[in-house]
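Colleague: Chain by chain, the residues run as shown.
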Amino acid sequence: MQNAISGSTFHTFLLDEGGQCTEAEFFIATTFPGIKRVIVMGDPNQLQPTVLEQSCKKHGFGESWLGRVYKLDKSKVHLLDTQYRMDPVILQFPNKRFYESRVMSGENVQNREPQVFAPFLFFDTQGRGREESDKTFSFRNSYEIAVIKDLLKQDPDIVAIIEAHLDARIIIITPYKSQAKHLREMCGPLKMNIEVSTVDAFQGQEGDIVILSTVRTKQVGFVDDKQRLNVALTRAKRVLRVVGDKAFFEGLPNGSTLRLWLSTLQRQSLP
Amino acid sequence: MIDWECSPTWEKVGELGAPFSSGFTRYHAKLLDICLKKYKPDINQVEKLSDDKLKYDDLEKLAYMVLVEFAASVDRQIMGSGEETRMGLDLHPYDVFVMGTLFGAKAANVSVLMPVKGGKLLFWDGDETFEAPNDGLLVYKIASLSGSARIIECLYRAMSDGEALSRYGMQRKMLHQVVDGGDQDERGAEASSHYGRVNSNQSIQYQSNDVVAHSILCSLNNSQRLAVLTVASTKFQEGFFAIQGPPGCGKTTTMVSMISAIGKGMIVTAPSNAAVANLALKLVKTGRFSYPSVCIFGDGCDESVRFLNPRRRSEGYRRALYEYEQAKSEPCGEAASTQDLKERSRKMDQKRRQLALWLHVDENTTMEKLGSICPNIAVDERGSIMPEGQLAVLQLLSQAKIVLCT
Numbered sequence: 001m002q003n004a005i006s007g008s009t010f011h012t013f014l015l016d017e018g019g020q021c022t023e024a025e026f027f028i029a030t031t032f033p034g035i036k037r038v039i040v041m042g043d044p045n046q047l048q049p050t051v052l053e054q055s056c057k058k059h060g061f062g063e064s065w066l067g068r069v070y071k072l073d074k075s076k077v078h079l080l081d082t083q084y085r086m087d088p089v090i091l092q093f094p095n096k097r098f099y100e101s102r103v104m105s106g107e108n109v110q111n112r113e114p115q116v117f118a119p120f121l122f123f124d125t126q127g128r129g130r131e132e133s134d135k136t137f138s139f140r141n142s143y144e145i146a147v148i149k150d151l152l153k154q155d156p157d158i159v160a161i162i163e164a165h166l167d168a169r170i171i172i173i174t175p176y177k178s179q180a181k182h183l184r185e186m187c188g189p190l191k192m193n194i195e196v197s198t199v200d201a202f203q204g205q206e207g208d209i210v211i212l213s214t215v216r217t218k219q220v221g222f223v224d225d226k227q228r229l230n231v232a233l234t235r236a237k238r239v240l241r242v243v244g245d246k247a248f249f250e251g252l253p254n255g256s257t258l259r260l261w262l263s264t265l266q267r268q269s270l271p
Numbered sequence: 001m002i003d004w005e006c007s008p009t010w011e012k013v014g015e016l017g018a019p020f021s022s023g024f025t026r027y028h029a030k031l032l033d034i035c036l037k038k039y040k041p042d043i044n045q046v047e048k049l050s051d052d053k054l055k056y057d058d059l060e061k062l063a064y065m066v067l068v069e070f071a072a073s074v075d076r077q078i079m080g081s082g083e084e085t086r087m088g089l090d091l092h093p094y095d096v097f098v099m100g101t102l103f104g105a106k107a108a109n110v111s112v113l114m115p116v117k118g119g120k121l122l123f124w125d126g127d128e129t130f131e132a133p134n135d136g137l138l139v140y141k142i143a144s145l146s147g148s149a150r151i152i153e154c155l156y157r158a159m160s161d162g163e164a165l166s167r168y169g170m171q172r173k174m175l176h177q178v179v180d181g182g183d184q185d186e187r188g189a190e191a192s193s194h195y196g197r198v199n200s201n202q203s204i205q206y207q208s209n210d211v212v213a214h215s216i217l218c219s220l221n222n223s224q225r226l227a228v229l230t231v232a233s234t235k236f237q238e239g240f241f242a243i244q245g246p247p248g249c250g251k252t253t254t255m256v257s258m259i260s261a262i263g264k265g266m267i268v269t270a271p272s273n274a275a276v277a278n279l280a281l282k283l284v285k286t287g288r289f290s291y292p293s294v295c296i297f298g299d300g301c302d303e304s305v306r307f308l309n310p311r312r313r314s315e316g317y318r319r320a321l322y323e324y325e326q327a328k329s330e331p332c333g334e335a336a337s338t339q340d341l342k343e344r345s346r347k348m349d350q351k352r353r354q355l356a357l358w359l360h361v362d363e364n365t366t367m368e369k370l371g372s373i374c375p376n377i378a379v380d381e382r383g384s385i386m387p388e389g390q391l392a393v394l395q396l397l398s399q400a401k402i403v404l405c406t
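Sequence order for the protein chains is A and B.
Read in order, the letters of the first sequence correspond to residues 1 to 271 in our numbering.
Read in order, the letters of the second sequence correspond to residues 1 to 406 in our numbering.
One thing to keep in mind: the hints can contain errors.
To be verified - If you anchor each label on the Cβ, the simulated ranges turn out as follows: (1) A:ALA201 <-> B:LYS369: 29 to 35 angstroms; (2) A:LEU121 <-> B:ASP349: 56 to 62 angstroms; (3) A:PRO189 <-> B:GLU325: 47 to 53 angstroms; (4) B:GLN350 <-> A:LYS153: 55 to 61 angstroms.
Don't read these hints as lab results, they were simulated from the structure.
Here a beta-carbon is modelled for each residue, glycine too, at the ideal position from N, C-alpha and C.
Just chain A, with the same shape it has in the complex (with noise of 0.2 angstroms):
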């Protein structure tokens, strides 16, 4: 079969979701006969190829040949540089820690309706939440469900939204299955169009109205890893809301994700 094809004019390779495929798979695909360009599109700055062994992953097994390109040198990475999904204000975040600022926002994400009185909110839990885990060593909070059922009914951006767009697609996000589970069932007698998921799963989607529940009040695990928030971050196109414990993010080490994003929102929000 491989003999017929090299006849064939199979001469361009495209990669999509660059970024998620390890080197050696992506390797495999190039030596496809007769391939001479490759073109691949992704982003580094997102979830990375899953790799369970950590001994594979902390040797750089897990790393995209997207993800090399882009560490080694950055220049040679073009950038699509105008995103039609996001409040300006959900973006910059995002914007500043993992693109360098060089995402614009385009002419569609200015004036939309209805107005959003505040497009991104932090909710503090203030140590009441707390993290547990299960037999399959997932988490759930249980204090956080709670806190998003009350923001679902109450928050006036939400309330609006909904009120306006009968079709808005609501999600509540979580990195942990378990927490995604507890959040379905808290959901089902709700009578509104909620879809629940996985920060994993739900790359490379939108949502009208994003709630991310950050779970954990302890230790900080891959909640706390910076693709995986970048993705989390930035699926909102109107109304972004965080539940979390503000104290534990605080209290994060120097060079984590979470607290760095924390002290910027709390610069934002002074006077």
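Here the structure of chain A is known, so what remains is to put chain B in place on it, guided by the hints.
Modeller: The following block gives chain B in isolation, referenced to the frame of chain A:
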């Protein structure tokens, strides 16, 4: 200590018995023997082996050394470098990846090899981890001996296959251009110019016809346009082009535009089925492509784009045809009332319409016509395509302009 001069022969390996039972055959031992004789590894570059028996991990080391030697021999043959050939452990991280994939060795085999920071080759056998002292390459858990053996086998074949060698040479050259900033020779200079992208003021010659290209470009923003222009320009004949698309920046739109602008001869892929299906759907929605110029191969294709998959099409048609014939042959003897006849033809018509809808064609298409647009691809019980079906797949591949797969 292994005496390298007296390399392991299959008789010796055979004697050792048990540890080699996992897929390592005499055939592999023979190959290893030949490889070692042909490319004598430099013993000083590898840690001395302490055991006097040829052990499991020794074989991994052998596999690795053959890899290294292979790279050096390619350097000599293909790259034509006049410099001292790179020997031993100084191997570019990419070399091994590319070699592993040369003959379509499965990802499982390839994934055991990875570059490390720090210098020297080391082995990790699953129970113990050693820190990498310097820069080099980690041979990670060549999970089974058959894995090592397969790599050796691949390489052995590669050594006697000129085409594979040149393909490897080309691959490597291109990669080095991207990572190391390009070679000094002409071809390298031209290829590396693409990383600087085309200048928007530069006049561009499109590969496909200008009218289509123009209408595509109008709907894009500057950075998207630049990306599409770069890949569609006649200057981009070979090499790599990497694009970063932050959230909401129109990655899919850009890709669809690229595919439209280039028009043919593309293989489009992504690590997940969902991403491929998503792209396929957008591609079909542009109205510029339809089956069979766009084909999806692979079972994972999403329901929304299954009509692009020749195998699903074929299966769908067979099933519908069977149901159609069943409806046709429903018992209605001489006493059949017009009511029954009507009912029967209604049923048949319904089946036909269903299939037409499924195949994304006009719902008035006749059953014969539907058959002609469905390839005849039969699969055996394990799901692999039968020989006669393979011909149909090949024909489709030669017709297809764009192929999508995972």
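Colleague: Taking the hints in turn, state whether each one holds.
Modeller: Right, here's what the structure says about each hint:
no. : hint                                      : in the structure
1   : A:ALA201 <-> B:LYS369: 29 to 35 angstroms : violated, 41 angstroms
2   : A:LEU121 <-> B:ASP349: 56 to 62 angstroms : holds, 57 angstroms
3   : A:PRO189 <-> B:GLU325: 47 to 53 angstroms : holds, 49 angstroms
4   : B:GLN350 <-> A:LYS153: 55 to 61 angstroms : violated, 46 angstroms
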